[in-house]
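Listed in order, the protein sequences are those of chains A, B and C. FYI, the working numbering numbers position 320 of the first sequence as 736, with every residue one higher than the one before it. FYI, the working numbering numbers position 344 of the second sequence as 348, with every residue one higher than the one before it. FYI, the working numbering numbers position 270 of the third sequence as 347, with every residue one higher than the one before it.
The set of hints was computed from the structure by calculation and includes no laboratory data. Note that the coordinates shown come from a computational prediction; the quantities given were computed from them, not determined experimentally. We put the CB at the ideal spot given by N, CA and C, even for glycine. Hints should not be assumed to be uniformly reliable.
No more than 35 angstroms apart at the CA atoms, straight line, and that leaves these computed lysine-lysine pairs for DSBU-like [to be verified]:
1) B:Lys-115 to B:Lys-57
2) A:Lys-755 to C:Lys-299
3) B:Lys-188 to B:Lys-240
4) B:Lys-176 to B:Lys-240
5) B:Lys-375 to B:Lys-188
6) B:Lys-57 to A:Lys-835
7) B:Lys-240 to B:Lys-57
8) A:Lys-755 to C:Lys-312
9) A:Lys-755 to A:Lys-835
One side only, chain C facing chain A, incomplete, derived with CB under 10 angstroms [as the list claims (entries may be wrong)]:
10) His-240
11) Leu-269
12) Thr-280
13) Leu-284
14) Asp-415
15) Ser-452
Negatives, chain B to chain A, calculated, CB over 12 angstroms [as the list claims (entries may be wrong)]:
16) Asn-36
17) Pro-80
18) Glu-86
19) Glu-93
20) Leu-101
21) Phe-117
22) Lys-142
23) Gln-215
24) Arg-236
25) Arg-270
26) Pro-354
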Amino acid sequence: MSVAAGVAGAVARAVVVRRQILGMFFLLVAASIALLFGFDVSGSTKADFVLNLASAQAISIPDLVVPVRTTAFLLAAISAFLGAVQVARGFGRWSNVVLAIVIGLFIFSFLAWAARDTSLSLVGMLQGTVVRATPLTLGAFSGLLCERSGVINVAIEGQMLMGAFVAAMVTSATSSAALGMLAGMLAGGVIGLILAVFAIRYLVDQIIVGVVLDLFCLGLTGFLYDRLMVPFQATLNSAAVVRPLSIPLLSKIPILGPILFDQNVFVYLLLMLLVVIQVALFQTRWGLRVRAVGEQPRAADTAGIDVLRTRYINVLLGGLVAGLAGSFFTIGAVGQFTKNMTSGRGFISLAAMIAGGWTPLGAFGASLVFGFADALQNFLSVLNVPISSYFLLMAPYIATILVVAGVVGRVRPPANDGKPYVKQ
Amino acid sequence: MLANDHIDLVVEPGEVHVLLGENGAGKSTLMNILYGLYHPDEGEILVNGKPVKFESPSDAIRMGIGMVHQHFMLIPVFTVAENVMLGLELTGLFGFLDRRRASREVERLGKEFGLPVNPDALVESLSVGAQQRVEIVKALYRRAGVLILDEPTAVLTPQETDELLGVMESLKRAGRSLVFITHKLKEAMQVADRITVLRGGRVVGSTLPGQSTEAELAAMMVGRAIRLGVDRSPSKPGAAVLDVKGLTVRNAHGQVAVDDVSFQVRAGEIVTVAGVQGNGQTELVRAIMGLDQVASGRITAAGRDVTTSSPRETLASGVGHVPEDRVRDGLVGDLSVAENLVLDMYYMAPFAHGPMLEPAEIQRSAQQRIKEFDIRTPSPLTLVGTLSGGNQQRVIVAREFSRPVTLMIASQPTRGLDVGSIEYIHERIVQLRDQGDAVLIVSSDLDEVFALGDRIAVMFQGHMSGPFDSQLYTREQVGLMMAGSSAEAAPAKGGGESA
Amino acid sequence: MSEPIPPKPSQNRVVSVRDVIQRVIAPESTTWNSVLIVVLAFFTALVLSAIFVVGSDPNVIQAPDPLTALNVAWLDISGAYGGLLSGALGNPSTFFSKVGSGNVKVVASAFYPLSETLVAAAPLVFTGLSVALGFRAGLFNIGGEGQVIAGGLAAGFVGFSLHGLTGFVELPLALLAGFVAGALWGFIPGLLKARTGAHEVITTIMLNYVAIYLTYYFLSTKAFQRPGRTDPISKIVDSAAALPSLAGVNLRLHAGVILAVIVAIAVYFLLWRTTLGFEFRAVGANPDASRAAGIGVGRVVVLAMSLAGGLAGLAGANIILGVNYSVSPGFSSSLGFDGITVALLGRGNPAGVVAAALLFGGLRAGAVQMQAATSTPVDLVQVIEALVIMFVAAPTLVREIYHIRAQRSAGAPAVSTGWGS
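Bound conformation, chain A alone (with noise of 0.2 angstroms):
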């Protein structure tokens, strides 16, 4: 047991303390969407939210302009009122759905008074939001695919690199996207096969073996990007970016189209994967057995499940997924391979398939908000925030930390996650 399972119960015990905890933190959250959005804001100041994109849609919907004060308090009415409540009675099992909201509330008013008298495509924004959040969802997918099963992956990073960097390389070298993709796919499946085969057979703590097999696809993806891809740019790091493909019908739907049905490949992947892992792992067989081997290896291994198989199936498979993330990067994104270009995104991933309950929909919303934080970078320009820009760069790294700080106790991950499994 860790020792923050000696913690949890310490704070475990205070349960009715936590829930005014809970509380006072909605109030503060009113006071700070009072104070620094609406307070030094003159009552005409207006924002205003772009809902149209450039493409065509079915129907053209008028921006939303709000008043920016009346907005920010109105918001903090709003938390307050929430916050009263939860430290009055609570909200028992909806408080985290209360908290989820109180922290939309607090964006939303951030938005609207860094817009303020702008305007900002809050659509585009939203588009942003979920381009941000693919390889962090599709890490995450990773991350629960080998968690449900019990084995923790922390080598997510070094998969995405991997996969980016061989994504990038044969696409480049054979102008298709299709086979790059595959090629990423495998290059993060081997890595996760030698996590499996550490983990599993040699019963390394997994943790160590994550952040080695991290840092050994950091030194070997750059070592062999000075090797050859600087030397043969040409040929090997100048793949093409995929091209955003535009589904007919969905698309013209306003607000929501563009920003989930005008993006590339590489987010329908995505969507398809949320439906088909959430349902695989909680409606049919493979799922049952497969969140049983991590939840109670014995159990299942007295039922005749072998353990120790699935547990490979699930890692490897959790590589490939993983190593489809690091293809976005390259493949989807920018095109070229850069030394450490997933900056920690791996980590987020992680981060975000806790939030997220270790279940792909949480995960795909806890990676919402990361991505949002990541998003933000790219409408400094046209944001009155006035921070250094530093500061905005560092908006994701932070709200994990805050994320994970604050779900800790509300989550609870595969009762026997990160235990290797020995038979007698």
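Got chain A; can you put chains B and C on it based on the hints?
Below, chains B and C alone, put in the same frame as chain A:
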């Protein structure tokens, strides 16, 4: 080390065959081999006359052998139906689970064999007795012809035990064979058609219940005549050392685990708390030791109000604690025996001066205590995790019993230990009492409760009955209280049968 | 720390030649076995890395015939590893002639590789100790990067802000600032873990990135930025605050090396001779039992992470005050992560950490020379390091490869598994 040594065992159809032996005799090993979890080094297994080889539990399952483990093989976050069908799932198209059909099947099996279970309930919300029923349904779902039950009554109240025995009867009538593993003599005699006794990994005797007395069976189990009780003189209790008033404690889920409990433990007496695990005893002890928060009430120990004290403050006030889970809460496996012996005293003189440790003193004291408490270890530097269960418990006992304490609290102090260690620890506990200390023992073993207790209390669903004089009620009456009947409802001892 | 249980003496067995050989290759003592595993792990890692070197050379792949391919491959490998060796230790052929030359500068240049190895090893000792201390307390401190940066920023700031005081005041102050800043960067995830259970793997890595951006931010402020420059580089550290040079004459060897050894000894004492160290080890091995025995687990977690952060902060101070004398982005190179490999290789023991730091310091120093001489990218060293750790962490695999008998041994300290459930 040989766990099983040339064991021959024959089970007839429609028979309850009891495998009797003390802890560590090799019963569980044998059964795990039969179930395909372990692989035998030598020998053969015949099912219906045909030799078989089990590579894994699925082989055993296919041959019709079902096992109900002592520690349940259930997944708490799954429903009953999901647990039952795991491995043999009922599915529709593409492997989609057919939950409705599974629920119906579970209900049907439950009705047929008198095992009521709710197929859609989450296993973690069920009582221990209900979870055991789920385990049995699991085996029946797989068409088990032979059911192996490993220490099934260890976690049941006497009433639930009776229910289980009734289930076993109906299984027998349906032609199933049952192998019943236990270390409890009385149950063996009650239930068996045939008894085989294991000791030290070998078969030492096989008889019919009518042909042997309890004493003979006990002798076979242990290899010598054992005392079926502890010699002690009557207690002469003094002032209260532990005073609990109106204690209420909530568990991790926010539910009330200890409900307005009040009692005292006086110097020079042993109070034993009986009860099936899960009725608040764990939380009670943890609250007294400062490991869990107290919702309301007051605890006074050794003259100090320790209601909100930290574990360190409570321990330092002169309270000794032998935790329920020795591996998790009692010892640090990767530290040496010597270091474990000072786990709660390392910061005090003579083991430390200020921030600096005195390793020489720690070693010296360790050697002395190893000798005194007869701890079998190659050296004080050996990692304590490599010792046997009995020796590990001796380390904890050595640690706590050689501290200057006025109150000793021990939870399940002899669970899973060999008879030699059990006897030794019981002796030391009585010694402590005779020295004038107050002793509180929590135990789910009724034999131990009656053997040690000067006064007995019973916990059921967070409420405590008693403590009352140990002569006041019979075992059966205490058993009833453990299952929820109030002390007043149970007839006092003096009329009718006694144990 | 613990003695292995001696095997029962065998009775009446004829001692065969095979027995004797086995005994030599796999002696009973635990330490010998560990060292053997490490050596074999290193060897295997070098072999595998050689494959990468050869496999990524187009000249090898496109060679007209196998003989030429082998020739080119051999040149690649010998060049790369030769460069590593001479960059780490020195060139044997020129070493003696240089030493005997009589010219001080030439003699010094013979020792340049050794000096570079030591200079590279010193900060690794600090980060290795940082991670090792964390391991002992059951924590995985991956935040070394951020803690090194925080320490370097603080030490540098004190270093270039103080003027006119003596070295006995300025240097310790700067070092202290580095320690405190690093400790703060460890305190935050420690507190979060103790209070909320947030897993330190994620929080420390996130803080790494925050620290990187903070560097850029600070270097854009007037307080930090060197007057007259527009690029992110800080003012120069005052000479009295710098770590004194130990050898002068074009060698970069500085007092930080000695400090590293002293701190390693101090950490040893802390872990095995103090009550706090006892608490670290107890909590690291079993937090539940520690809590039941009265040890304040949350307090230990916070202290351990803070101390670990402080040690890494000293690594940053070491770099700024002993080598760079000013702050610019990327000064931490990969010290934090290398600290993990050093701690793993050193099995969490201060002595092992020093030895491992020397090894990796040599690799780093050698890599520079290797890249200069053969244009083999320095990233190769990271690959080698990662492979070494993989094999060291899976001794069973190494044994299987080389057919060695297993031994009973006390394993490396357990690291927390799971996300805090």
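Fill in: No chain A beta carbon within 12 angstroms of Pro-80 of chain B's
7 angstroms, violated
Worksheet item: Does the structure keep Lys-57 of chain B and Lys-835 of chain A at a Cα separation of 35 angstroms or less?
Response: This hinted pair holds, its Cα atoms lying about 29 angstroms apart.
Practice prompt. Have a go at the Thr-280 of chain C hint: is there a Cβ in chain A nearer than 10 angstroms to its own Cβ?
Written response: Status holds, d = 5 angstroms.
Worksheet item: Given Ser-452 of chain C as an interface hint, is the shortest Cβ-Cβ distance to chain A below 10 angstroms?
Response: 8 angstroms, holds
Worksheet item: Holds or violated: is there a CB of chain A closer than 10 angstroms to the CB of Leu-269 of chain C?
Response: 5 angstroms, holds
Discussion item. Quick check on the hint: Asp-415 of chain C CB to chain A CB, less than 10 angstroms?
Written reply: 9 angstroms, holds
Discussion item. The output says Arg-236 of chain B does not contact chain A. Does that hold with a beta carbon cutoff of 12 angstroms?
Written reply: Holds, because the least Cβ-Cβ distance between Arg-236 of chain B and chain A comes to about 37 angstroms, which exceeds 12 angstroms.
Item to complete: Test the statement that Lys-142 of chain B is away from the interface with chain A: the closest C-beta pair must be farther apart than 12 angstroms.
Response: 8 angstroms, violated
Discussion item. Just want to verify: Pro-354 of chain B was marked as not at the interface with chain A; is every Cβ pair farther apart than 12 angstroms?
Written reply: The claim holds: Pro-354 of chain B sits with its nearest Cβ about 29 angstroms from chain A, beyond 12 angstroms.
Fill in: Whether Leu-101 of chain B stays farther than 12 angstroms from all C-beta atoms of chain A, as the label says
6 angstroms, violated
Worksheet item: Given the hinted pair Lys-755 of chain A and Lys-835 of chain A, is their alpha-carbon gap at most 35 angstroms?
Response: OK: Lys-755 of chain A and Lys-835 of chain A at ~33 angstroms, within 35 angstroms.
Practice prompt. Closer than 10 angstroms between Cβ atoms is the bar; does His-240 of chain C clear it against chain A? Give me holds or violated.
Written response: 28 angstroms, violated
When held up to the earlier numbered hints, the structure conflicts with 4, 7, 10, 16, 17, 18, 19, 20 and 22 and fits the remainder.
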